[in-house]
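Below, each chain spelled out in residue letters.
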Amino acid sequence: MSGLHAQGLTLRRGRREILAGLDLALRPGEVTVLLGPNGAGKSTLMSALAGLLPPAAGKVLLDGEDLSALAPAARARRIGFLPQTPEVAWPLEVRILVGLGRIPHIGARGLSAEDARIIEAALAEAGAADLADRDASTLSGGERARVMIARVLAGEPDWILADEPLAGLDPGCQIDAAQTLVRRAKAGGCGVVLTLHDLSLAARIADRVLVLAEGRLLADGPPDSALAPPVLDRAFGVRTALRRGPEGLSVDVLGR
Amino acid sequence: MSRRGVVITGLIALVAALSVASLMVGRTPLPLGDMLAHPQDPLWAILLQLRLPRTVLALLIGAGLGLSGAALQGFTRNPLADPGVLGVSASAALGAVLTLWLPLAFPLLQPLAAMAGALAGVGLLLALAGGASSMTVFLLAGVVLNTIAGAGVALALSLAPTPWAVNGIIDWLMGSLADRSPQDLVFAGPVILAGLVLLALTGRALDALTLGEAGAASLGIDLSRTRVLLAAGTALAVGAGVAVAGVIGFAGLVTPHLLRPLVGARPSGLLWPSALGGAAVVLAGDLAVRLIPSAAEVRLGVAMACLGGPFFLFLLLSLRRRLG
Numbered sequence: 006m007s008g009l010h011a012q013g014l015t016l017r018r019g020r021r022e023i024l025a026g027l028d029l030a031l032r033p034g035e036v037t038v039l040l041g042p043n044g045a046g047k048s049t050l051m052s053a054l055a056g057l058l059p060p061a062a063g064k065v066l067l068d069g070e071d072l073s074a075l076a077p078a079a080r081a082r083r084i085g086f087l088p089q090t091p092e093v094a095w096p097l098e099v100r101i102l103v104g105l106g107r108i109p110h111i112g113a114r115g116l117s118a119e120d121a122r123i124i125e126a127a128l129a130e131a132g133a134a135d136l137a138d139r140d141a142s143t144l145s146g147g148e149r150a151r152v153m154i155a156r157v158l159a160g161e162p163d164w165i166l167a168d169e170p171l172a173g174l175d176p177g178c179q180i181d182a183a184q185t186l187v188r189r190a191k192a193g194g195c196g197v198v199l200t201l202h203d204l205s206l207a208a209r210i211a212d213r214v215l216v217l218a219e220g221r222l223l224a225d226g227p228p229d230s231a232l233a234p235p236v237l238d239r240a241f242g243v244r245t246a247l248r249r250g251p252e253g254l255s256v257d258v259l260g261r
Numbered sequence: 072m073s074r075r076g077v078v079i080t081g082l083i084a085l086v087a088a089l090s091v092a093s094l095m096v097g098r099t100p101l102p103l104g105d106m107l108a109h110p111q112d113p114l115w116a117i118l119l120q121l122r123l124p125r126t127v128l129a130l131l132i133g134a135g136l137g138l139s140g141a142a143l144q145g146f147t148r149n150p151l152a153d154p155g156v157l158g159v160s161a162s163a164a165l166g167a168v169l170t171l172w173l174p175l176a177f178p179l180l181q182p183l184a185a186m187a188g189a190l191a192g193v194g195l196l197l198a199l200a201g202g203a204s205s206m207t208v209f210l211l212a213g214v215v216l217n218t219i220a221g222a223g224v225a226l227a228l229s230l231a232p233t234p235w236a237v238n239g240i241i242d243w244l245m246g247s248l249a250d251r252s253p254q255d256l257v258f259a260g261p262v263i264l265a266g267l268v269l270l271a272l273t274g275r276a277l278d279a280l281t282l283g284e285a286g287a288a289s290l291g292i293d294l295s296r297t298r299v300l301l302a303a304g305t306a307l308a309v310g311a312g313v314a315v316a317g318v319i320g321f322a323g324l325v326t327p328h329l330l331r332p333l334v335g336a337r338p339s340g341l342l343w344p345s346a347l348g349g350a351a352v353v354l355a356g357d358l359a360v361r362l363i364p365s366a367a368e369v370r371l372g373v374a375m376a377c378l379g380g381p382f383f384l385f386l387l388l389s390l391r392r393r394l395g
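Keeping their order, the protein sequence lines are chains A and B. If you want this note's numbering, it's the 1-based position in the first sequence plus 5. If you want this note's numbering, it's the 1-based position in the second sequence plus 71.
Keep in mind the hints are simulated off the structure, nothing from the lab. Because the structure is a prediction, the values reported are computed rather than measured. Every residue, glycine too, gets a C-beta built ideally from N, C-alpha and C. Check each hint, because a few of them may be wrong.
[Unchecked claim] Sample of chain B residues with no beta-carbon within 10 Å of chain A, all distances over it, derived:
no., residue
1, S90
2, L94
3, A176
4, L180
5, L199
6, V237
7, G260
8, A279
9, L280
10, V299
11, W343
12, A374
13, L387
14, L388
15, L390
[What the hints assert, rightly or not] Only part of the chain B face toward chain A is listed, based on derived beta-carbon distances under 10 Å:
no., residue
16, R122
17, G145
18, D255
19, A288
20, P338
Can you make the complete structure from the sequences, with help from the hints?
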């Protein structure tokens, strides 16, 4: 049973149920986009899939193995996670920051020549090679997004879970960052899961779209079915039109 | 050699030079040449029984303050964190002071109580700050801890059973290394060293915490293990220091700041240089109080506070500019 699976996944905060018995089967090599209104439980689902929040009931399985039974370092080698609004606490050199992605692999030893090569490759792959010597605390939003993606790539995970990695980026930066992640899925066979708020971007890059509202999945399927106007109306309370143009799918938001 | 290597070598040389100076400086001049010619010279007793414990204690206590300051700053991602600011030193002092009211007495009671106070302080600090280790929450928790410990010590002062007790309490509040005995060193030395080792084990986790708690956890870092190492290491290194020398502030705050521009901001890379730097700061401070010409020796804790206050002010001003 290969892939990342959730079975009856339930999470509570206090007495409130954030996720109510979710069933999911995510496949490697696919880009899955998770959509949903604010407060739908997207970030909670992402953290649970990354093994960072223990479920109240149900479980997350990685290639059939219960995630909570994996050692933290073993889990971290296979699942890379990019939290929402990533923090950079100290003015580190970008290359050192990206090198933090190697922590699950190196244990107590220092970085080897092979690690250094992987770090440079990750910087190049994320289009951040020219930033390598910069102070990470002085980066612009777009630069920081590229560096954070390079940090995840440097861990060479089988799965990349990124919580709103494109938030606050200009359209050009959004496309660059999204393409880096799509490339990892298509060429590297990595499973990529993203949360987004941009419906058209989701339509364009996703192999599969999940729509989450009030802790339940409203839709789970290819973009042309999961982004159908009735689904988006139920999830967000907006009228939309799904258009198919020469450049692929796009979603127009028409109003309430 | 890397820049960090150069800085570390320089720090080792500085600590060595300050240690030699600390052995030589004092009320009684030690003519080392004559002493070497006369192994029976009573001056040897001054060197070995008085100066040596004082020097080694200054070195170890400074290393404990510097390393715990660097580790606490790394863990809280807060450049204002330090055992003094966060109330750990004050908790240790309160622990020692409370023993004056205990009906029992045994030789190591006060030092052990100081360490228990430090451990309770760190534990309370981590519990108060909870999972949300934001800069503000941590500093507020430190304010709460300092307030509680300060109130406790003030109460002890006002209710002190005897004038000796008052003097004893003042000793805990204004740290000093004057007249420490070899026994103090034998007790505190191994404990501080154990604390240093525990704190040094947090390096990798502190690096990962640069990315925040979620980022660190996603890299496979066990944050509860890090908390335990940090709490135990700080309690041992700082608690044992307070136990034999009272509260000496600011070395833990100042040292990582002075070194960050020199060795880089990566938290693990800052740990050992901060230990060396803290040793140098406390050795230098302890030398200074012996060289200041005054009737009574200025207490080391007071001297450090006089230097640390303006530094704290400077730090706040530069941080205010950066934080907007």
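Problem set entry | Hints that the structure is at odds with (numbers, increasing) | 8, 9, 16, 18
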